[in-house]
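S.K.: Sequence:
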Amino acid sequence: MDRVKVFIDDKVKIPEKKYRSLVAPCLAEVLGTATLMFIGCMGCIVDIYNTKVIQFAPLTFGLAVGMAVQMFGHISGAHLNPAVTIAAIIMNKIDWLLVPFYFVSQLIGALVGYGLIMIVTPGQLNSEVCVTAVHPLLEDYQGLIIETILTAMLVLLVCSTWDGRLASKTESVSIRLGLLLAGMFLATSQFTGASINPVRSLSPAIYHNSWKAHWIYWVGPIVGSIVGAFSYKYAFYQEHAD
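Residue 135 in full-length UniProt numbering is what sits at position 135 of the sequence shown, and the numbering runs on without skipping anything.
The reader is advised that the hints may include incorrect statements.
Just the calculated beta-carbon pair ranges, DEER-fashion [unchecked claim]:
1. 165 with 137: 40 to 46 Å
2. 100 with 168: 31 to 37 Å
3. 20 with 214: 35 to 41 Å
4. 100 with 138: 29 to 35 Å
For the record, the hints were derived by calculation from the structure and aren't laboratory data.
All C-beta atoms, glycine included, are put in the ideal place defined by N, C-alpha and C.
Input sequences plus hints: build the corresponding full structure.
M.R.: Rendered as structure tokens:
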């Protein structure tokens, strides 16, 4: 009985059993993305602690990704992000037939996770929480460059986990990924919100009808994913260990 894995060197395939091949991975993407949104965005609600410590949100988002990868990485790969799924396509780590299901599952998970925040927190605390926006002192093109670079960095790390030379070192992927993202978020969240994930930005935008410069959070991650994946594939990738 095959288990769908993406953080190892096996390509995601569609075997005979529908549940294991399609339903389980999609459900894992829904729950994983919901976990990311619920835990990550809850960390953005700092007023309840009567403090303005901005490090809550970046650290929480990084750790939330690590949590989701640990829980669901062995089932779906815990993409949680269309940009990662695009990288998996380029690296030939996912069957094309699964791709639209992953995209839809990630969107559903983001909507569910953020919706739970709207339910369990007071309205005065969740007003536009987690809505990504470019800092007023930045131009849109600068925000686009930041989102592109950050996503390329994320994809380079993810691609490294698919490298044959690290096939036996996947146990710490959740920690590595979580800490890398926490560092990225700490450095850049004040500039663009450090989204690097289209559905992470789309869900709050839908709930709050906030669309200013929203295109940046699609174009940047998609371009960054393509650049990062192709760079790793042709400059560094080895399918098998030496």
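S.K.: Indicate, hint by hint, whether the structure satisfies it.
M.R.: How the hints compare with the structure:
Taking 40 to 46 Å as the suggested C-beta distance range, the pair residue 165 and residue 137 conforms, at roughly 42 Å. Taken as a hint, the range 31 to 37 Å holds for the pair residue 100 and residue 168, whose Cβ atoms sit roughly 32 Å apart. For residue 20 and residue 214, the Cβ-Cβ distance of about 36 Å falls inside the hinted range of 35 to 41 Å, so the restraint holds. Restraint check, residue 100 to residue 138: a C-beta distance of roughly 34 Å satisfies the suggested window 29 to 35 Å.
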